[in-house]
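Residue numbers (the numbering used here), protein chains in the order written: chain Z, 1 to 765; chain S, 1 to 204.
Keep in mind the hints are simulated off the structure, nothing from the lab.
Incorrect hints may appear among the rest.
Here are the computed lysine to aspartate or glutamate pairs in the EDC-like style, where the Cα-Cα straight-line distance is at most 16 Å [claimed, not checked]:
(1) 245/Z <-> 213/Z
(2) 523/Z <-> 565/Z
(3) 113/Z <-> 178/S
(4) 393/Z <-> 490/Z
(5) 711/Z <-> 213/Z
(6) 56/S <-> 543/Z
Derived Cβ-Cβ restraints for the label pairs, each shown as a range [stated by the list, open to error]:
(7) 490/Z <-> 149/S: 33 to 43 Å
(8) 539/Z <-> 166/S: 36 to 46 Å
(9) 54/Z <-> 55/S: 37 to 47 Å
(10) 534/Z <-> 46/S: 47 to 57 Å
(11) 55/S <-> 534/Z: 15 to 25 Å
(12) 96/S <-> 564/Z: 40 to 50 Å
(13) 187/Z <-> 149/S: 25 to 35 Å
(14) 59/Z <-> 81/S: 52 to 62 Å
Note that the Cβ used here is the ideal one computed from N, Cα and C, for glycine as well.
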Amino acid sequence: MKSSSFSKALALIFFALTAGLASWTFANLSFISSRIDNNIFSLLPKLERNPVSEEFINRISSSGERSLVVLISSDNIDTSLEAEKALRASIKGLELTSPLADDDFSAYISLLKRHRSSLITREDIHLLDTQLPSFWYDKANSLAYSMGGLLLPWGEDPFGLSNDWLYRLGRSSKVHPYGDSLVVDHDGISYVVIPLEASRPLSSIQDQNILADGINAAITETANKFRGIHILRSGVAFIASDTSKVARDDISTIGLISAIAAFVLIASIFRSFYAITVTLTTVSIAFLYAVLACLFIFPKIYILTMAFGTSLIGMSVDYCLYWLTASIDDDKNPLDRRRYLLPGMFLALATTTIGYCLLAITPFPVLSQMAVFSIGGIISAWLTVILIFPYVKNLRFNSNNTYSILRYIKPGFLNNRGTLRWATIGLVLLLSIYGAFAFKTNDDIRSLASFDKGLVNEQLEVSKILDIPSPSQFFIVTGSSEADALNHTESLSKDLDQLVSAGYISGYQSITKYLPSIASQNKASASYASSNKEVALHKIAKEMGMNHEWVKQLNKVDPPLTMADLKDLPIYKKLSYLWFDSGSGARSTAVLLMGLRGQPAVDELAKLENPNITWVDKPQEISQVFRRYRTLFSYIVLLGYLLTFAAIYFKFKSDAWRAVLPPVFATFITLGILSFMGETIGLLSVIAFALLLGVGTDYGIFLLQYPNDKKVVFSISIAALMTLISFGSLSLSSIPALHSFGIALFFGIFLSWLLTIFFARRSNA
Amino acid sequence: MMAFNFIKKALIAFLMLSPGYVLADQFLDQVKSSINSPPITRGNFIQHRILVGVSKRLTSEGYFIVDKSRGILWITEKPIYQALAVTSSGITVSNKSNTLMNLSSRNDPSVRYVNELLLAIFSGDIASLDKLFTHSGEITANGWAMELIPRNSASTVFKKVAILGNSSVSHITLVSKEGDLTDIAFANVKPVASLTQDEVLQLQ
C-alpha cells in the first residue's frame with residue numbers, strides 16, 4: 001500500500017507541475033513566439049578554430065541581417081529610374097532606411113594633403129622613377145589649362161598624383177552616384193541600385209516577413225507598372241522569410257499528416273473517442289515539455305526544430321499505444337499492468353533517448369536543439385503514460401475487427417518453411433551487402449537546409465553585378481603589429497594580383513588599398529622626391545608666379561599614413577570592418593575576395609596559406625565537420641549495437657541476436673534502397689540510423705521480454721506503423737536535412753519491424 | 001567606395017556643359033526653342049581659370065567639335081597644345097608627344113556615361129540633365145542664363161555651374177568644391193557637314 005501512495009503522490013506532483021507549466025505557457029504565448037528564430041546564420045556550427053574569422057563572420061551576419069539590395073534594369077535607364085521612384089514610394093510605409101551616396105571623401109582628401117608623398121599609385125611611382133622633367137612640366141601645364149575641375153585644387157596637386165590615387169580608389173567601387181540615384185554597370189547593362197536597411201534589428205519572424213512581404217509586393221506592383229523592367233533582390237531577409245514560410249508549410253503538412261494518421265489509427269483500433277482524447281492530451285503534454293526544455297536551454301528556438309519536432313507526435317503516441325493495447329481485453333489492476341509493462345517501456349525509452357543524445361552532442365546548434373526537443377517530449381510522454389495513465393478512469397478497451405486483422409502478423413513467419421526461409425535470409429544478406437558497398441556519401445553544407453533556387457540565383461547575380469565579396473571564403477592576415485599585419489597583407493595582395501590576372505578571382509578587397517604598408521609608403525615617398533619632378537616643379541613655379549614656400553611644400557616628404565590617422569574619418573567605418581584591433585600588439589585584417597571561379601580557384605587560394613595568413617573556407621570547414629561527425633557517428637552506431645547486444649545478452653542469452661540483427665540488416669538494406677533511389681548519405685542519415693538503433697531494437701526486446709504476449713506483436717506493429725508515419729512524413733519535407741532523416745527512418749523502421757517479426761522465435765501461444 | 005568616383009563625375013559634369021544643350025520646363029522650353037542642335041557642331045572657345053593660391057590668371061584658347069555619332073573633341077591650341085577626346089570607348093587627354101590621361105570604358109563602364117550623357121544633351125534629352133542637377137534660370141535681353149546645382153554632392157566635383165546662351169551656349173562658369181574657377185566663352189559655334197580625316201582618327 002505504501003508503494004501505491006508513493007505512486008499516487010508522484011502522479012499528483014507530475015500532474016500539478018504539468019498544469020502549472022501549461023498555464024504559465026498559455027499566459028506567456030507571445031513571449032514564447034518571440035523567441036522563435038529564423039536567422040539562417042545561427043544554424044551554422046560554432047567553430048572556435050579561428051576567433052578572428054568567427055568574429056568577422058559575426059560582423060558580416062549582424063550587418064547582413066538588416067541590409068537588402070534591390071536592382072532595377074531595363075533597356076532604358078530613364079525607365080529604371082522612374083521605376084525606382086515608384087518602388088521607393090510604395091515601400092515608404094515600411095521600416096526601412098536607404099543610405100544614399102555619402103560624401104565621405106572630402107575628409108579623406110584633406111588627409112591626403114597631409115600624406116601626399118606616401119599615397120601614390122604604382123603607375124605614378126613608375127613614371128616618377130623614369131620620366132624626364134619635360135614630362136612633368138607638360139603634365140602640370142596640361143592640368144592647369146584643362147577644361148574641368150579635379151578633386152584637389154591644382155595648387156595642391158599640380159601633377160595630379162593625388163588625383164590618380166583617388167581615381168584608383170574610385171575604380172574599386174562599381175556603384176556610382178547618378179543624381180539622386182545610384183547606378184552600376186555590368187555586362188553593358190545599367191542597373192539602378194536601391195540599398196535598403198531595416199531601421200531596427202529584425203528580431204522576429206513577423207518583423208522579417210512584414211519587411212520581405214512589403215518589399216516583394218512593391219516589386220510586383222512596380223514590375224506590373226513598368227513594362228520590360230527586370231528587378232533583382234538580394235538580402236538575408238528575403239531568403240530567411242521564404243525559408244521560414246517553407247518550414248511553416250512543412251510543419252503544417254507534416255504535423256497534419258502525422259496527427260490525422262495517429263488519430264485514424266487509434267480510432268480504428270480502439271473505436272473510442274476517449275482513447276483519442278487521452279492520446280491527444282499526451283501529445284500536447286509532450287509538446288509542452290519539449291518547447292519548454294528548448295526555451296530553458298537555448299536562447300532561441302529555431303523554426304527547423306519545430307518542423308523536425310512534428311515527428312514527436314508519432315513518438316509520444318507510441319507510448320500511449322503500448323499502454324492502450326495492453327489494456328485491450330485486460331482485466332488487470334492498472335498498477336499491475338504498469339508493473340508488467342515497465343521493464344519493456346523503460347528499455348524502449350532508454351534506447352530511444354540514447355539515439356537522440358547522439359544528436360545532442362553535435363556542434364550544430366539546430367541539431368542539438370532538435371534532440372533536446374525530442375528528448376524533453378518523449379520523456380514527458382513516457383512519464384504521462386507511466387505516472388498518470390494508471391489513474392485515468394476507464395482506460396480499458398475491447399478487441400474489434402481491426403485488432404483481429406493485425407493478429408495475422410505472426411512472429412517467426414516462414415519459420416517452418418525451410419527453403420523459403422533460407423531464400424529470404426539469403427536475399428536479406430545479399431541486399432545488405434549491396435547496401436554496405438553501394439552508398440554514396442555527401443557532406444555538403446547544403447544538406448542542412450535548402451533555399452529557394454530563384455532567390456539564391458538572384459542573390460548570386462546581385463553579388464556578381466555589385467562585386468560583393470564572398471562572406472564565407474576569405475583570408476585573415478595577422479601580424480605582431482599594425483605595420484607587420486600590413487606587410488603580410490601586401491605580400492598576399494601581390495599573390496592575389498596574379499590570381500586576378502590568371503582569372504581565378506575577379507578581384508579582392510584589402511585594407512592596404514587605402515592604407516599601404518609603411519614600406520610601400522616609404523617607397524612612394526622616395527620616388528616622390530624624384531629630381532626630375534623637382535626640376536619641373538621649379539620651372540612651373542616660376543611660370544605661374546608661385547613662391548618658394550609652395551615649392552618647398554610640394555617637395556616635402558610626408559610622414560606615412562597609419563590607422564590612427566584614419567580613426568576620425570567617415571571612411572574608417574568602412575575600413576574598420578576589415579580590421580581587428582586585439583588591444584595588445586597583434587593586429588589582424590580580413591582580405592575579401594570577389595568572383596571566385598569554383599573549386600580550382602579555392603585550391604589556388606588555399607595554397608597561399610602560411611603562418612601569418614589563414615585561409616578561411618567556411619562551407620568547406622562545415623562540410624569537414626559534417627564528414628567528421630558522420631564518420632564518428634557511424635562508429636558510435638556500431639558501438640551502440642555491440643553494447644546493446646552485450647546488455648541484452650545477459651538476459652536473453654543466445655536469443656539476443658533476434659533483437660539486434662534486424663535493425664542492423666534494416667540499416668544496410670536501407671542504405672541499398674537509398675543508393676538505388678539516388679539519395680546520398682550524410683550526417684543526418686547516419687543520425688537516423690542511430691535512432692533506428694534505439695527504436696528498432698525495442699521491437700526485438702519487447703518480443704523477447706514478453707514472448708507469450710500476443711498483444712506485444714500487436715503493439716509493436718502499431719508503434720512501428722505510427723513511427724513510420726511520423727518519420728515517413730518528414731521525408732516529404734522540402735528541407736533536405738529533414739527529408740534525408742525522414743526517408744532513412746521510413747525504410748529503416750519498416751524493414752526493422754518486418755525483419756524483427758521474421759527473425760522472432762515462433763510464439764507458443 | 002562609391003564616394004571616390006568623382007573624377008568621372010567631374011568629367012561628366014564639365015563635358016555636359018559644352019555648347020548647344022537644353023533643359024526642361026517652361027524656361028527650358030524657351031531655351032530649347034531658341035537653341036539649334038545639328039548633327040555636327042564646331043566652334044571656338046576662350047577659357048579663363050582662377051586657381052586657388054595661384055596668382056596668375058590662366059587663359060587658353062582653341063576649338064571644339066561635337067559629333068552626335070562619334071563623340072566630342074576639345075582642342076586647346078594656346079598657350080599649350082592638348083587634345084581631349086571623349087568617345088563611347090573612353091576618354092583620352094594628350095599633347096603632341098604624350099598621352100597624359102586615358103580612361104577606358106572597358107576597364108570602367110561608368111566612363112561610358114560621359115559620352116552617352118553628352119550625346120543625350122546635344123540631342124536635347126533634358127531628362128538626363130535634370131537627373132543630376134537642379135536648375136534656376138531667367139530669360140535675358142541677349143538670350144538666357146541658368147544656374148545648375150548638383151542634386152548629390154558626391155556625384156560631381158562642382159559646387160555650382162552657370163551658363164549663358166542664346167541660339168547656342170555662349171558662356172560657362174564652373175566652380176569646383178575646392179574653389180578653382182573655370183570660365184569658358186564660346187564663339188563661332190556653327191554646324192559643319194563632315195569631319196576631317198584627322199578628326200575622325202582622334203575620335204576613334
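Which earlier hints can't be squared with this structure?
Those not satisfied are hints 2, 4, 5, 9, 10.
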